[in-house]
Amino acid sequence: MRPAPSVCPPPSPDSSAGSRDLVRNGRFGTETEAVRAGIRMLADHELKMQALRRDIQKADDEIESGLGKEYASGAELLKDVMHEG
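All residue numbers for the sequence shown refer to our numbering, where the first residue is 1431 and numbers rise by one.
Any given hint could be a false lead.
[As the list claims (entries may be wrong)] Simulated crosslink set (PhoX-like; lysine-lysine; CA at most 20 Å straight-line):
1) Lys1488 / Lys1499
2) Lys1509 / Lys1499
3) Lys1488 / Lys1478
These are computed hints drawn from the structure, not numbers from a lab.
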């Protein structure tokens, strides 16, 4: 996903005005394109959040089963990570 051009002001908080602003500023050809892009972004975000939650649960399960490693400090963790890389 590309960031908004710096010359394009942020869209209005009102959803219909926001999509019109995005079309008027040249970011999208039609309001429908702007809305579809927003829906795609939301769906992508939700998929990433689901994957993150699964990864967190997997890590929690590993820790509970004794597979985790405890570190005395952040520096110790960093040292271990840097040596594994």
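Original post:
Hint by hint, which ones does this structure get wrong, listed from lowest number up?
Top reply: Hints that this structure does not satisfy do not exist here, as all of them hold.
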